[in-house]
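Join the two chains, each given in its own frame, into one complex according to the hints.
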Amino acid sequence: MMRIECPWCGGRDETEFHYGGEAHIARPEDPDALSDEAWADYLFMRANPRGVHAERWMHAQGCRRWFNVLRHTASHEVVAVYPMGAPRPDLPETAA
Amino acid sequence: MARYSIFSLARNALTGHRDWPELWRSPEPRPAYEVVIVGGGGHGLATAYYLAKEHGVTDVAVVEKGWLAGGNIARNTTIIRSNYLWDESAAIYEHGLKLWEGLSRELNFNVMLRQRGVMNLAHTEHDVRESIRRVNANRLNGVDAEWLDAEGVKAFCPPISISPDVRYPVLGATLQRRGGVARHDAVAWGYARGADARGVDIVQHCEVTGIRRVRGRVTGVETSRGFIGARKVALVAAGHSSVLAQMAGLRLPVESHPLQAMVSEPLKPVLDCVVMSNAVHVYISQSDKGELVLGAGIDAFNSYGQRGGLHVLEDQLAALMQLFPAFSRARLLRSWGGIVDVCPDASPIVSKTPVEGLYINCGWGTGGFKATPSSGWAFAHTIARDEPHKLNAPFALDRFTSGALIDEHGAAAVAH
Chain A
1 MMRIECPWCG
11 GRDETEFHYG
21 GEAHIARPED
31 PDALSDEAWA
41 DYLFMRANPR
51 GVHAERWMHA
61 QGCRRWFNVL
71 RHTASHEVVA
81 VYPMGAPRPD
91 LPETAA
Chain B
1 MARYSIFSLA
11 RNALTGHRDW
21 PELWRSPEPR
31 PAYEVVIVGG
41 GGHGLATAYY
51 LAKEHGVTDV
61 AVVEKGWLAG
71 GNIARNTTII
81 RSNYLWDESA
91 AIYEHGLKLW
101 EGLSRELNFN
111 VMLRQRGVMN
121 LAHTEHDVRE
131 SIRRVNANRL
141 NGVDAEWLDA
151 EGVKAFCPPI
161 SISPDVRYPV
171 LGATLQRRGG
181 VARHDAVAWG
191 YARGADARGV
201 DIVQHCEVTG
211 IRRVRGRVTG
221 VETSRGFIGA
231 RKVALVAAGH
241 SSVLAQMAGL
251 RLPVESHPLQ
261 AMVSEPLKPV
271 LDCVVMSNAV
281 HVYISQSDKG
291 ELVLGAGIDA
301 FNSYGQRGGL
311 HVLEDQLAAL
321 MQLFPAFSRA
331 RLLRSWGGIV
341 DVCPDASPIV
351 SKTPVEGLYI
361 NCGWGTGGFK
371 ATPSSGWAFA
381 HTIARDEPHK
391 LNAPFALDRF
401 TSGALIDEHG
411 AAAVAH
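Going down the list, the sequences are from chains A and B.
First residue of the first sequence? That's 1 in this note's numbering, and the numbers climb one at a time after it.
First residue of the second sequence? That's 1 in this note's numbering, and the numbers climb one at a time after it.
If you are wondering where the hints come from, they were derived from the structure by calculation, not from laboratory data.
Be a bit skeptical, because a hint or two may be false.
Over the 10 Å line for every Cβ pair with chain B, so calculated as not near, a few chain A residues [as the list claims (entries may be wrong)]:
#1 P7
#2 W8
#3 G21
#4 A26
#5 A47
#6 P49
#7 G85
#8 D90
Short derived list, chain A residues pointing at chain B, Cβ under 7 Å [unchecked claim]:
#9 R46
#10 N48
#11 H53
#12 E77
One side of the interface only, derived from the structure: several residues of chain A facing chain B at Cβ under 7 Å [as the list claims (entries may be wrong)]:
#13 M1
#14 T15
#15 Y19
#16 H24
#17 F44
#18 M45
#19 R50
We treat Cβ as the ideally placed atom computed from N, Cα and C, and that holds for glycine.
Pulled out of the complex, with its shape left as it was, chain B reads as follows (with noise of 0.2 Å):
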């Protein structure tokens, strides 16, 4: 892998910058190989990566029906944080901001994070009370977390209202420092680039259309591409990952939801952190480019489809207006809509599976983008050693079974 810095820079540009290595080999897949990853998402990229690096495990293919990090990497609102409630939460997400903080140094690649604040508000007195409960559980766990006051808020983000004459006004916040926002597609760029140059196949158009298994162990997949050979497999697909287990004979706690988000017209800078609200429901940042980048909660209904329902656009941009009356002249750009792949109690499953050598990472629901790296490294582990880590062996598939639920609606700050 030719490394990046000041000094490749400025030979590529005496030669006009043709003669950049690609970043990634676009291999034909090989008959067999002692890990097959379905799903080259952010989450896929990051386990073939930390397999190949932290443990020694370079015979891995990842296989993606599409094309790299096109599905849920590509299409969320980049919000990174991990002021969840509970210990479970608070030791997984936390690991993952510690690898973020470290990533770009790690990956020899910019991910542009940015740690600019996530303040999440509160309207209601119920409210009040629950975000200072979760700034007490974070502390307790490590995570920085801070409350303020309506004044506080206003102090820490100019442009927001804290006007007391509406249904719900902002009351206060709380206040991650270390949150932020990064550069969603080089983060999945940079775990491929680092697989790629470890031995990781990246096999793109190339769909599981079925999981074979002999005596309930799985001996490989399907796919549009012929069959391909696995001691072990590993699905990361995100929204179609019911689907995929389907194929292995398994149910899962899972339903699809669409879930959008929009951006305006790029504007001067304006917004130089990331307010989140439960209540009114809208969460917001603007980006390097200057948009301000908008989302919120998913459409009730089960999809695939990759888009939603206008209402839900309207609702979050009401929202808005009130906490942003400033933004009502702002033109909107586009809107685009992701699959959600969403659990009961709102977190995620990296677990091994009834089927042995099957392994599944899903239900990261409407988070997953700030878990890319300890979703990764966590499932790489369970993979490599056939037994979970303590960072998610709370996260068990078999959590549903006996009842010990880790519900983080509350923090998820999306309504589902």
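Chain A on its own, in the form it takes in the complex (with noise of 0.2 Å):
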């Protein structure tokens, strides 16, 4: 089981939090000029990397709240925290 670092309540285990998938996967800005294929690459596409993924979660037993994680798919490791709406952090020591 995992540890989760919750950026308001602290380090959880994962049995608290839920999982939202990959993190900054933006709504289209103007749906109506979008191609079939845009909408697949933004409804259906996925990184889905071996090494560190961003993504989301909510802290479902706790204060609800969202946010972002960089975490390893292998070891799963959790390298990163940061609020939702932020830039993916850069981390040059930690490439996949």
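In structure tokens:
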């Protein structure tokens, strides 16, 4: 089981959290202008890296707030926690 | 290939079973092949076998980064069935079940198929309606299916509890009598032996690190053992599909998750069918060795770690205790995880790609084992003819652009 550092409540067990999938997928600004390919990319295509993955978690059994996490998908190590809306932090030393 | 028979068994008994031939060679990779298949699991080996047998394409290498059949083919719970809802799925899974039924004879290798019946339980009014709908859909597609009420479930599977005094009582079940289980390793070994005998090179411990392209066309793969040229490259890498596709500049609608399973200590025969429950969420069968084989849902997060959280196992054991209170004293022997490649519609991708000469077979998610024969069969056709067979045409990569999704979350039997 993983330990995840909630920015508001501190470190808790993974079972308190809800996983929200890949982070930084912005809703298209102008949906009417979107091609089928762009819709497919937005809705379905995912990075799914083996390495550091930017993803969203929500502290479902705590403060119920969303935040972003950088986590390694092979070691499960959480390498950074940062607020929703903030850009993905640079982590040159933990490049996938 | 030395054929197995009662006579070969007797002959080898005389020499103390020391002279059985190896099942397959371990050749050095040649500089180039017509087809390089990336991934030496069940689906990759089946693809190689059918390429050679059905299409006469024998200039083929299967490259595998680990050892042959060490991934999901060795980690699944071996359940075989074809009772999927939609026409497209019923066609490809039923074709697979028919191949299974003749597979031991076809491969001259006992895959130990046991068609002991698969029940999918219904626990709510909605479950009941959906299940009966699926039984009807299956029958229209020529797939054997029956609806059992709770008494019928108890008669078919005496150890199960149909007590109404639980939160989600068993109200009934669908039953596919032709469903069952098989020996997972034997399938891979049988396909590997058959492919090798037809000239396919199986190259283990050879990791693909790049996919070389010239003007949008595949020319080969970079590997840990050097460059291997290929006119066609076929990716069959299950959980690592996204990693490989990215080497060719492709994004996939796939996410990789851990899926765990476990076995109990061996018990005397107690359960002679397969029981699956979506609602309380566990599936169980008993192996020939006597172990209870259990599985259920994926861990929610993306992972390549081949392990998951203990709470996921606890949830399925809680479900098991409701269905089979008698098993509460059984001790667990071990648990393990595999990495499953899950598509948004819980259906696979068996397809050409935008890159010429590059083909992909992935997204089987939590249910790939049962499809091993038909997946390889259809993929071999796609590679050899450079166009999909009508069985796998609906499972093209471009369905995510066209919107023609094949939603099988209900029949997938694993929550994701």
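The hints, checked one at a time:
In this structure P7 (chain A) is separated from chain B by more than 10 Å, as the shortest Cβ-Cβ distance comes to about 18 Å. Separation of W8 (chain A) from chain B is adequate, the least Cβ-Cβ distance of about 20 Å exceeding the 10 Å criterion. The non-interface label for G21 (chain A) is inconsistent with chain B: the shortest C-beta to C-beta separation is roughly 8 Å, within 10 Å. Even its closest Cβ contact with chain B, about 16 Å, leaves A26 (chain A) beyond 10 Å, as expected for a residue assigned away from the interface.
The claim that A47 (chain A) is not at the interface with chain B is violated, since a C-beta of that chain comes within 10 Å of its own (minimum 8 Å). With a closest Cβ-Cβ approach of about 7 Å to chain B, P49 (chain A) is found to fall inside the 10 Å limit, against its non-interface label. At roughly 21 Å, the least C-beta separation between G85 (chain A) and chain B is larger than 10 Å, which holds for a residue marked as non-interface. A cut-off of 10 Å between C-beta atoms confirms that D90 (chain A) is not in contact with chain B; the least separation is 20 Å.
Here the hint on R46 (chain A) is kept, as its CB sits about 5 Å from the closest CB of chain B, short of 7 Å. For N48 (chain A), the interface hint holds, since its Cβ comes within 7 Å of a Cβ in chain B; the closest pair sits about 4 Å apart. The interface hint given for H53 (chain A) is met, as the beta carbon of that residue sits about 6 Å from the closest beta carbon of chain B, less than 7 Å. Evaluation of the E77 (chain A) hint against chain B yields a violated restraint, the C-beta minimum of about 10 Å exceeding 7 Å.
The restraint placing M1 (chain A) at the interface with chain B holds, with a minimum CB-CB distance near 5 Å, inside the 7 Å limit. At about 5 Å, the closest approach between the beta carbon of T15 (chain A) and any beta carbon in chain B falls short of 7 Å, and the interface hint on this residue holds. Hint on Y19 (chain A) holds. Least Cβ distance to chain B is approximately 4 Å, under the 7 Å limit. Against a cut-off of 7 Å between C-beta atoms, the interface hint on H24 (chain A) is violated, since the closest Cβ of chain B lies about 14 Å away.
Below 7 Å, beta-carbon pairs count as interface contacts, and F44 (chain A) has one with chain B at about 4 Å; its hint therefore holds. Because the beta carbon of M45 (chain A) sits about 4 Å from the nearest beta carbon in chain B, less than 7 Å, this interface hint is met. Hint on R50 (chain A) holds. Least Cβ distance to chain B is approximately 5 Å, under the 7 Å limit.
In this structure, the earlier hints numbered 3, 5, 6, 12 and 16 are contradicted, and the remaining ones agree with it.
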